Amino acid sequence: MLIIRDIHAVTVLFIMPAVFILIMSVAMRDLFALHGTVAIEVLAVNQDAGKRSGAFLKAMEELSTFKFQFIEKATDSESIREQMLSRDYKFALIIRQNFSAFVDKKGKGKDERPLELLVNPTVNVQTQMVLKSALDGKLTKLRWDAFIDRIDRLLAVAGIDKKKLKAAEESPIEVNYVYKGGRYDKIPSAVQQSVPAWLVFSMFFIVIPISNTFISEREQGTLMRLKSMNVSRGYLILGKMIPYLIINAIQVIIMIAIGMYVVPLCGGTALTLGKSLRGLMLIAAAVSFSAISMALFIASAARTTEQATTIGGVLNIIFGALGGLMIPKFVMPGFMQEIADISPMSWGLEGFLDIFLRNGGVSDVLTKSLALFVFGIGMLTLTILLLRKRKEV
Amino acid sequence: MRIPKQLLFFAFLPVHISHKTTCYSNDIDIQGGFSYTPDTPQRESVRKRFSLELVICGAPLIDIKHLYKSYDKKPVLADVNLSVRRGSVMGLLGPNGAGKTTLIAILTGIISKDSGAITVDGMDLDRELRSIQSKCSYIPQSFAFYPRLTARENLEYFGALWGMKGKKLQERMEFCIDIGSMQNFVNKRVDKFSGGMKRRLNLAIGLLNDPEILYLDEPTVGVDTQSRGYILETIKKINRDRQTTIIYTSHYMDEIEQVSDDIAVINEGKIILHDNKKAILTRAGDACGHRTLEELFLKLTDIRLRDED
Numbered sequence: 001m002l003i004i005r006d007i008h009a010v011t012v013l014f015i016m017p018a019v020f021i022l023i024m025s026v027a028m029r030d031l032f033a034l035h036g037t038v039a040i041e042v043l044a045v046n047q048d049a050g051k052r053s054g055a056f057l058k059a060m061e062e063l064s065t066f067k068f069q070f071i072e073k074a075t076d077s078e079s080i081r082e083q084m085l086s087r088d089y090k091f092a093l094i095i096r097q098n099f100s101a102f103v104d105k106k107g108k109g110k111d112e113r114p115l116e117l118l119v120n121p122t123v124n125v126q127t128q129m130v131l132k133s134a135l136d137g138k139l140t141k142l143r144w145d146a147f148i149d150r151i152d153r154l155l156a157v158a159g160i161d162k163k164k165l166k167a168a169e170e171s172p173i174e175v176n177y178v179y180k181g182g183r184y185d186k187i188p189s190a191v192q193q194s195v196p197a198w199l200v201f202s203m204f205f206i207v208i209p210i211s212n213t214f215i216s217e218r219e220q221g222t223l224m225r226l227k228s229m230n231v232s233r234g235y236l237i238l239g240k241m242i243p244y245l246i247i248n249a250i251q252v253i254i255m256i257a258i259g260m261y262v263v264p265l266c267g268g269t270a271l272t273l274g275k276s277l278r279g280l281m282l283i284a285a286a287v288s289f290s291a292i293s294m295a296l297f298i299a300s301a302a303r304t305t306e307q308a309t310t311i312g313g314v315l316n317i318i319f320g321a322l323g324g325l326m327i328p329k330f331v332m333p334g335f336m337q338e339i340a341d342i343s344p345m346s347w348g349l350e351g352f353l354d355i356f357l358r359n360g361g362v363s364d365v366l367t368k369s370l371a372l373f374v375f376g377i378g379m380l381t382l383t384i385l386l387l388r389k390r391k392e393v
Numbered sequence: 001m002r003i004p005k006q007l008l009f010f011a012f013l014p015v016h017i018s019h020k021t022t023c024y025s026n027d028i029d030i031q032g033g034f035s036y037t038p039d040t041p042q043r044e045s046v047r048k049r050f051s052l053e054l055v056i057c058g059a060p061l062i063d064i065k066h067l068y069k070s071y072d073k074k075p076v077l078a079d080v081n082l083s084v085r086r087g088s089v090m091g092l093l094g095p096n097g098a099g100k101t102t103l104i105a106i107l108t109g110i111i112s113k114d115s116g117a118i119t120v121d122g123m124d125l126d127r128e129l130r131s132i133q134s135k136c137s138y139i140p141q142s143f144a145f146y147p148r149l150t151a152r153e154n155l156e157y158f159g160a161l162w163g164m165k166g167k168k169l170q171e172r173m174e175f176c177i178d179i180g181s182m183q184n185f186v187n188k189r190v191d192k193f194s195g196g197m198k199r200r201l202n203l204a205i206g207l208l209n210d211p212e213i214l215y216l217d218e219p220t221v222g223v224d225t226q227s228r229g230y231i232l233e234t235i236k237k238i239n240r241d242r243q244t245t246i247i248y249t250s251h252y253m254d255e256i257e258q259v260s261d262d263i264a265v266i267n268e269g270k271i272i273l274h275d276n277k278k279a280i281l282t283r284a285g286d287a288c289g290h291r292t293l294e295e296l297f298l299k300l301t302d303i304r305l306r307d308e309d
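Just so you know, the protein sequences line up as chains A and B, in that order. Sequential numbering from 1 applies to the first sequence in the working numbering. Sequential numbering from 1 applies to the second sequence in the working numbering.
If you are wondering where the hints come from, they were derived from the structure by calculation, not from laboratory data. Fair warning: this is a prediction, and the values are worked out from it, not measured in the lab. Here a beta-carbon is modelled for each residue, glycine too, at the ideal position from N, C-alpha and C. Don't take every hint at face value.
Here are the computed distance ranges between Cβ atoms for each label pair [to be verified]:
#, chain 1, residue 1, chain 2, residue 2, range
1, A, 253, B, 189, 25 to 33 Å
2, B, 168, A, 311, 38 to 46 Å
3, B, 243, A, 19, 40 to 48 Å
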């Protein structure tokens, strides 16, 4: 009741993660889709003296990932740079004069680089790599096909069908995802990644309502009244923990429901649950216990609500950033990945990913859950020691 | 068995009151009465000569002997001896930092004492705290409830903490709603209440367990005259109708005069005056010309500000 009537708590615990899940799931949808719906615009200048660049550009545009905006062939290098920055293009591709000569391996400039890629510094390395790989792939195919054309007569003499030697249009690589317990038909989606991350993040934000209640009780004398009523220390602590465990459980249910039913309405992919409901309940309970225990410790250590919410908020953001909630751990450098393991949010996130993405069960989340429970017990012990020292319980 | 209050009145005989107090020319003089300078031998001498001590025949309900309490080696209560009659209202007066709240916090089991002996209704506070707490109720100066809940929800919550449920809880809640005159706003959120409404709810919560002993810590702070009058009348009614023993702290002397049967003045951790109200006012007036409790209080506790304490 106290939470429902606390608009700030409702915002932090329910509205914030719901909005994050919706935004992230929809915004990152194409990052996980094999064929995106949003093409990255590339400013292009075709200065090729020959005809090979036409086929090259056609092949690139067929990828649908990039959309080329051509400007005047005679535009000089400085002007291209200016246009790129003023029109906020992420890339500019200059197809140099020697492009056809390079592909055909004859004529002026046949050994010089035929493409120049200008990159806006705001573009991340992954996106650069996607465009560079696509350019490399299409150029290699074009050169191979040109080579086959050049040895056309030889192949005819040898009785080899040149069509069979031409590079395939489709990628020869088949991608499959590996899950616990065998194959799984669904491919990972943005929502499968977003829900666990923002769920863990929001569960740890329980520090705000807990510290509000706890410190208000202390400041308003309610704690003194409770003590004069012979309310036991255990009851005082459990009286805080149990309602918030329920609140966390409601958070889990609501966030999963948003992933399953609301995200698809906004154009995203529906969240699919793993096969282990028990595993999900175990990791959710462990995250909740550790989050509440940490919140109780912060609320006990802080003198004012402002102190508690500031310390709690900052700690959550640090733990979240370290724990791979904001940046996936696999893109972090090695030492950062090791540091990430100190964050309890990381253990929780990995546990939820085990359930949602890797199709894991109870045994897969057991170690992480135990670690979270031990962390929670440690925090709770510190809380009780602190309160006893201050004679507050 | 409770002894009628009227009979008890005759049982309390003030002693050590016959000494005539003396005025000292080198001290601060207020309105022609006797005066004190802080921490001088003369002040101690005057106190001893003016010593008013309530003598209670029979066992008191609350009996405090040689009570000591200190925080960080700084004494807050030093050799406090105090007795409270069953069914009486005892006004506990003292300047800021005198030790009133600490004394009540010890009596209610919120904090522990350093040394001394306290018995409540014949039970030792150290050994039978749980039983003592079940007979008592503490109403703090602050609004000790949950502002986002309604008055009814607060009463339900604290009633449940007292172990009440079902019909008994409903009956006690109705009594408390009635005594707090909260019928018109009992289902409204408390954070929308005025100061007076909050005070009445604070009081009502304290009456849920039908306490034999009620500790009231400045229950009228920040309320309007009407609410203040209502609260004081309610306290007198509870004492009269239910024979509840009340320990009442306040900075308002007129309140203490209005509701108390006995008065104790605490200063710098010591009880410096304790007697029934009538005796204090009469004899203080006779002895040194103080007509009001406030004048006497200022004489006994010095007029200096206590902010630095």
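Now the hints, each set against the structure:
no.	hint	in the structure
1	253(A) <-> 189(B): 25 to 33 Å	holds, 27 Å
2	168(B) <-> 311(A): 38 to 46 Å	holds, 43 Å
3	243(B) <-> 19(A): 40 to 48 Å	violated, 60 Å
Hint 3 from the earlier list is the only one contradicted by this structure; the remaining hints agree with it.
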